[in-house]
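S.K.: Spelled out from the first residue to the last, the chains are:
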Amino acid sequence: MQWTEKHRPKSLHEIKDQDEAILKIKNFIGTFYLGKLTKTPRKALVLHGPPGIGKTTLAHVIAKEENLEIFELNASDLRNKLKLKEILRPAIEQKSLIRKGKIILVDEVDGISAVDRGGLMELLSLITLTNYPIIITANNIWAPKLSGLRKKSELVRLKEINYNSIKDVMINVLRKENNFINNNFLTKIAINAKGDLRSAINDLQTASITKDPSSNLVDERNKETDIFNALKLVFKGKPTNETLSIYDSVKMPIDEIILWVEENIPAEYQRRELKRAYDLLSKVDIFRKRIYRQQYWRFLVYENILLSYGVSSSKKDVKPGFTSYKKPTRILKIWMNNQKTFKKKSIAKKYARKVHVGEKRIMSEFPIIRNILKNPEVRRELRLSDEEINYLDKPI
Amino acid sequence: MESEIWTEKFRPSRFSDVVGQEEIIKRVEALTNSLNIPHFLFAGPAGTGKSTLALIIVKELFKENWKENYLELNASDERGIQIVREKVKNFARTKSLGSVPFKVIFLDEADALTPEAQQALRRTMENYSATCRFILSVNYSSKVIDPIQSRCVLFRFKILEKKDIERVIKKIAETENLTIDQNSIEALYEGSEGDCRRCINLIQSTASISPDINSELISTILSSSKPKDIKIILDYALSGDFQKSREKLLDVMLKESISGEDIIKAIQKEIWNLPVEPELKVKLTEKTGETEFRIVEGSDPFIQLQSLIASFVLAGIGK
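Line order of the protein sequences matches chains A and B.
Counting from 318, one number per residue, gives the positions in the first sequence under the numbering used here.
Counting from -11, one number per residue, gives the positions in the second sequence under the numbering used here.
Please keep in mind that the hints were generated in silico from the structure rather than gathered at the bench.
Don't take every hint at face value.
Pairs of lysine-lysine, BS3-like flavour, derived with a Cα cap of 25 Å [what the hints assert, rightly or not]:
| id | chain 1 | residue 1 | chain 2 | residue 2 |
| --- | --- | --- | --- | --- |
| 1 | A | 677 | A | 606 |
| 2 | B | 77 | A | 657 |
| 3 | A | 677 | B | 75 |
| 4 | B | 216 | A | 469 |
| 5 | B | 216 | A | 666 |
| 6 | A | 662 | B | 216 |
| 7 | B | 77 | A | 462 |
| 8 | A | 462 | B | 75 |
| 9 | A | 677 | B | 243 |
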């Protein structure tokens, strides 16, 4: 059995990091059933956020706690209008036999194709007609096709799961499974998951079966061979017309290739070469911003040429010998730093709101403000949590 | 309840309490008294009274109901223009309370929005012009697209003069029973760089150590707030060690949450403390200027700064 199913949370206290969302959902259901539907209440609530953070689970658990029956639909049910009508209408019009309240759960609404607008239109009209609250889950609520839905629903964003919480859940699962995996590898899985708890549990299960921590990283490895070869040709070889298409075989978005080049220039180039290569990379970055700003995609040509032929031509002679290129570490470092500065950010947020200033500015002024935050009255005023206070009391 | 954060405690709540910006205050007060204000665009450096003035306007307009009729957003904190629009929409949907027929939305750091996002904002301003007034606050009015500028009354806030900052310092010293000598006032003014909020934070931060404020204490606090280790980054670079230099750079940027633009400012200042020939200082400054320009133009400040370090490495070798 899939661990993701077997260990799916069954009560609210098992759910990590989503307190704010839980409150909003309960409120939504509460006001719906209060019957005080005087004005125009929202009849649907959209839970949105990246995959694997517990959108569907949360809906189920809350239904259970509130003693409500759940009526679930998924993307394939919504695919055609007739079927949707057939399934959903009776559920909406019929009062449940045992007089239990109901929630209608429409899972993964992103799955409705933009072409088949019928399904979406039907869903919208059902929102107007329903006697029961509708909960909808979506990965990307800002997709243009969902604009109608956005207007009709209350939006609640679920957060990515914190890296430490992911690790806690994994340790718990392993304990229940009577299994053991070394701590380093758990950390690796948790970091790799980038907030997606489901994928972390899947990786965990795979690792527990194969007992080979690296086996589930095979895909990742194939990708790396491609980029290693490309870097070798760019950095070591003479630029030729083939160099221009060197990154075509690398199955990676260009932004990621830029990071690889950035990381490895100094492994191969020194002095004048180093400067020239970074100067080109700097121009690549400027073209990238221009594409983004003006949506003028032809600039991509220049990005590509500078990044391949340009960087390759920054050296005088070919570079013999073997160089071991490194995986880009910057994104990981940024991510790990975010985990570390998590508390600082939440403090800055509370403070920023109080003093009518942006969070980013407060973050950069933190050294001065730190002293002010020693004052217990200020701490009370900002309603700092015990954890936040602990963070402030720790020596820097 | 009165706040124990001094920037709040000593924030003026009436027009007559504001220091500096006399001309602006006079005109804004007159408009507010007429109970009908236009959209405002407040442009000027940090800590010169833009947010304060917005707060006074709404307090004067709505009296005790001001909180219900006022929405404060920070463009650099909200994720994307959609969020801004969504919040504005929700807020503007209901009618204002009391006798004033509109609500007020304060959008701080509006120059953080891209030109496209500003276009979207412009439409939002139009859609809700019957029920809402906008006050936009920016550092540079040139970063605001013309159609928005033309819909707003523009006020340029000047950096606060020494006498204004001095007034604030003395008021705080008196209320909080602090002793501050003239030397310390100079040090506070220097450290504040004309930013009143920064100045008050400096005072409170220093006072948390001792109510007897002296310039030494102030400079200790100040040095803790400067980006550290910029010199180390440059020393590594000039001695030819690119790898260590960039490692340190990333470390400083992450640990102290410093933006690329603040790093480049610090580098520009640090160049003058380097033990190198005048000619080289000029060359490095020129490079630094070019990099600052590219940071503004590009998307990834760290790539731009690496490129600058690479130039420093090369310059160091020729030294």
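S.K.: Against this structure, judge whether each hint is valid.
M.R.: Structure-based check of each hint:
| no. | hint | verdict |
| --- | --- | --- |
| 1 | A/677 with A/606 | 22 Å, holds |
| 2 | B/77 with A/657 | 35 Å, violated |
| 3 | A/677 with B/75 | 20 Å, holds |
| 4 | B/216 with A/469 | 50 Å, violated |
| 5 | B/216 with A/666 | 24 Å, holds |
| 6 | A/662 with B/216 | 20 Å, holds |
| 7 | B/77 with A/462 | 20 Å, holds |
| 8 | A/462 with B/75 | 21 Å, holds |
| 9 | A/677 with B/243 | 14 Å, holds |
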